[in-house]
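> Mind docking chain B on chain A? Use the hints.
Below are the chains, spelled out letter by letter.
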Amino acid sequence: MTMRLPNFEYVAPATVDEAARLLSDPGRSSLIVGGGTDLFPKIKRRQAAPTTLVSLSGVDEMRGVRFDSAGNCVIGASTLLADLAVSHQVPPVMAIAAASIASPQIRNTATVGGNLCLDTRCNYIDMPETWREASGHCLKDGGEVCWVAPRGNRCWAINSSDLAPVAVALEGSVRLTSVHGERLIPVEDLYHDDGIACHTKSFEEILVELLLPSGGTRATYRKLRRRGSIDFPLLGVAASARFDEAGTCVSARMVIGAAAPAPVRATEAEEFLIGRQFTDEVIGEAAGIASGPVRPQDNTDTGSRYRKWMVPVLVGRALSDLVADDG
Amino acid sequence: MAEQVISLQVNGAEHRILTADHRTLLEVLREDMAMVGTKHGCDLGECGACTVLLDGRPVLACLVLAVQVDGRTITTIEGMAEDGTPHPLQTAFSEKGAAQCGYCTPAMLLTARALLDEVQAPDPDDIRQALAGNLCRCTGYNKIIEAVEAVAGAQD
Numbered sequence: 268m269t270m271r272l273p274n275f276e277y278v279a280p281a282t283v284d285e286a287a288r289l290l291s292d293p294g295r296s297s298l299i300v301g302g303g304t305d306l307f308p309k310i311k312r313r314q315a316a317p318t319t320l321v322s323l324s325g326v327d328e329m330r331g332v333r334f335d336s337a338g339n340c341v342i343g344a345s346t347l348l349a350d351l352a353v354s355h356q357v358p359p360v361m362a363i364a365a366a367s368i369a370s371p372q373i374r375n376t377a378t379v380g381g382n383l384c385l386d387t388r389c390n391y392i393d394m395p396e397t398w399r400e401a402s403g404h405c406l407k408d409g410g411e412v413c414w415v416a417p418r419g420n421r422c423w424a425i426n427s428s429d430l431a432p433v434a435v436a437l438e439g440s441v442r443l444t445s446v447h448g449e450r451l452i453p454v455e456d457l458y459h460d461d462g463i464a465c466h467t468k469s470f471e472e473i474l475v476e477l478l479l480p481s482g483g484t485r486a487t488y489r490k491l492r493r494r495g496s497i498d499f500p501l502l503g504v505a506a507s508a509r510f511d512e513a514g515t516c517v518s519a520r521m522v523i524g525a526a527a528p529a530p531v532r533a534t535e536a537e538e539f540l541i542g543r544q545f546t547d548e549v550i551g552e553a554a555g556i557a558s559g560p561v562r563p564q565d566n567t568d569t570g571s572r573y574r575k576w577m578v579p580v581l582v583g584r585a586l587s588d589l590v591a592d593d594g
Numbered sequence: 007m008a009e010q011v012i013s014l015q016v017n018g019a020e021h022r023i024l025t026a027d028h029r030t031l032l033e034v035l036r037e038d039m040a041m042v043g044t045k046h047g048c049d050l051g052e053c054g055a056c057t058v059l060l061d062g063r064p065v066l067a068c069l070v071l072a073v074q075v076d077g078r079t080i081t082t083i084e085g086m087a088e089d090g091t092p093h094p095l096q097t098a099f100s101e102k103g104a105a106q107c108g109y110c111t112p113a114m115l116l117t118a119r120a121l122l123d124e125v126q127a128p129d130p131d132d133i134r135q136a137l138a139g140n141l142c143r144c145t146g147y148n149k150i151i152e153a154v155e156a157v158a159g160a161q162d
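Chains as they are written, first to last, in the numbering used here: chain A, 268 to 594; chain B, 7 to 162.
Here chain A stands alone, though its shape is the one from the complex:
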């Protein structure tokens, strides 16, 4: 079946300022496009209908990795995932997460900003228009019922970004720019626990760069999926920790991805880990604490019970990574 894109205008400004101006133009209904590997399938399925696409691929200042005066690793939002995956400048866990995304072809097109701003996904919304019409439009599709949880009144579509949980675990922040100014926010504040209003960024704001603080953190990312390639995560666990010389944990972050409309921090488990050494018993107990509040829905590949069952398994593996000799 050919799924053609509908008519739209494509503009590729050379600067962030020009892109911001185009996005705020009231005469257009614009969307930002990075690589387009998430957006074009959405438009083909008629989940979005922009009059204008504002491409960021012509903005040279948004590409590549640098370090700022504070020692932050600054990753331009238009950096290709393929380049991130082989970068020696970024934290290794970031490169590992990038290398796990989609397929080689998609990583040659998709961008860091695009992955951080992925729209939420669900078995019901990510269907062709005719299918959605026949089954009745879901909440995210302008209907009145969430077919995943029909008795509720909210959308459960999941955040499937692999970079987001890692960026949160690394205490990263993102710089957002619009005609109204600029703001720097923690990555975790970019997301909102609602499948429809899933980002706190306004449509006028451009995610310009990702900043990762340097230093002293061990970090890892574990991803669950059916195949070793192409698939979105069915679950992702990013974890980071700092240890003192005796091997006692002094700070920890644990972030569960692909289980809810936003990456979710396991704050209770993080607190439990502080002051402890990562023995098998401690890891097992932390995995139980972390998985308690996680409630995967039946809205992606495999059943929700399987994904729930795998939460403590993945958390345990991630925590073990942090104390492995080569961690």
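Where hints are given, some of them may not hold.
[As the list claims (entries may be wrong)] Here are some, though not all, of the chain B residues that point toward chain A, as calculated from beta-carbon distances under 10 Å:
no.	residue
1	56
2	63
3	64
4	68
5	97
6	136
[Claimed, not checked] Every beta carbon over 12 Å from chain A, so not counted as near; a handful from chain B, in silico:
no.	residue
7	23
8	29
9	41
10	49
11	85
12	87
13	88
14	89
15	108
Honestly, the hints are just simulated from the structure, not real lab data. Please read these numbers as outputs of a predicted model, since none were measured by experiment. C-beta atoms are modelled at their ideal positions from N, C-alpha and C, and glycine is treated no differently.
Below, chain B without anything else, positioned relative to chain A:
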């Protein structure tokens, strides 16, 4: 309807094309340039059948707008053989039985070529990683990997 004149360097030849902004590179190659070797598969970036090389790197022609690649260099399967002589990968695919229905084959060949152009002596794991975005429903992949290995070994 928004339209632009773009220039594409396809298989070594310069083309100037008038196209609507919303048309994919796949549509322009197949429908405007009659280069139907690039296959139309899932149209959603999941199968890899429409792979072409953009400045030497494999990308999906179904998820790239033609206007996005204005001024860039594109290699399709039609540009793989030189002066009527098949590329060594094409010969190896034929000899090893790496093609059955043939639908994934152009994309497999181009993706494998990009690997061999970049890595001097890829090991079997490199080959599997490089081809991880190309689905084949016939061969079971082994003969494809073997064909690429044979050429990789020969250029070692």
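> Take the hints in turn and mark each one as holding or not.
Hints, one by one, checked against the model:
1. 56: Hint holds; residue 56/B Cβ to chain A Cβ min 9 Å, cut 10 Å.
2. 63: holds (5 Å)
3. 64: holds (5 Å)
4. 68: holds (8 Å)
5. 97: violated (24 Å)
6. 136: holds (6 Å)
7. 23: holds (14 Å)
8. 29: violated (7 Å)
9. 41: holds (17 Å)
10. 49: Violated: least Cβ distance 5 Å, not greater than 12 Å.
11. 85: holds (18 Å)
12. 87: holds (22 Å)
13. 88: holds (24 Å)
14. 89: holds (28 Å)
15. 108: holds (19 Å)
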